[in-house]
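Chain by chain, the residues:
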Amino acid sequence: MAEMENGMRLWEVFVQPRTGKPHEHVGSVRATHAEMALQHARDVYARRGPVVSIWVVPTEAIYATKPGDEGPFFDPADNKPYRHPLFYKVPHGVKNI
Amino acid sequence: MNLETLDDALRPALFEYLLRLGDDALILGHRLSEWCGHGPYLEEDIALANLALDCLGHAEALLTLAGEVEGQGRTADDLAFLRDAYDFRNVQLVELPRGDFAFTIVRQFLYATYACLLYKALQQSAFEPLAGIAAKAHKEMQYHLRHSSEWMRCLGDGTEESHRRAQSALDELWMYTGELFEVDDTLRTLTEARIAPDMATLQPKWREQVETVLREATLTVPEDPPYMATGGRHGHHTEHLGHLLAEMQFLQRAYPGAQW
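If you're matching them up, the sequences are chains A and B in order. This note's numbering numbers the first residue of the first sequence as 1 and each following residue consecutively. This note's numbering numbers the first residue of the second sequence as 1 and each following residue consecutively.
Bear in mind the hints are in silico, worked out from the structure with no lab data behind them. All C-beta atoms, glycine included, are put in the ideal place defined by N, C-alpha and C.
Label-pair distances were calculated between CB atoms; the ranges are:
id : chain 1 : residue 1 : chain 2 : residue 2 : range
1  : A       : P50       : B       : T218      : 32 to 42 Å
2  : B       : L42       : A       : P17       : 21 to 31 Å
3  : B       : G132      : A       : P22       : 29 to 39 Å
Turn these sequences into a full structure, and let the hints steer you where they fit.
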């Protein structure tokens, strides 16, 4: 358990700027529990931009790749252009693709 | 009614009332701002500075409006920086030194509970500019209440030391809460004109909401003391306000009209 002094834990913060947009990772906060982490996330990361939703997740709940995983995990995607949707015409006016 | 249609007979009482609201926010905001750089940890430091800025925002809007109602051309800055302690109309609750973190949180909780009820009611004020300010302030005070209530539960139901400090702050502050609901001729005039709410209907709600959180926080509701502090609304303050003003007003007093 990644507990710091005074019962503090680290929380990762995800912010959604608009309805329909994905939650994006913006940083982390320290807090003893979820409600306080959410409030701190609001104060630190939601003061200046448009925000409609915030998630906080205990950092230790994230299971991630390691630097050594790079080759087997990501390299095979390098030479397969047919996996990319590059051969379609995007209609005029469509954004966010 | 608005500034143009305001009955001149109501102006003195309304000016006085807006000073009360504005000075509460200004002085509490200043006390909160004293935590900047001294918070218990970075995130809470930012949280307290945010609360301070909210209060200063309310103060600016309310004192600007006060100056307009008075009609002597005084701005919010004039009212904030060029009055002396006996011209301030805030309750003594907000001028007490910030104390330890528990003291600041308990005060913020007691005040935010009051301010949420008050600003909610003031949205129905017959004086439209005040109703508008109240709508914005109510939103922000709801966050103050959520933040301070969460800390009440953390401190009260936390360690032996945090419980002791929270209870001791609560016991010390209780005698300063009576002033929030005091009614005098100024307030009666405005309540009759439907500009200000009837404080007698707000007090039991305040009491009920405060007691609910105190129960969750395993804190004991203090017994009502034989004497409730009073006088702030008429310019009688504790010794602490003068010291606060000396710091807050220093620059404008030493360099009148200074801008940067």
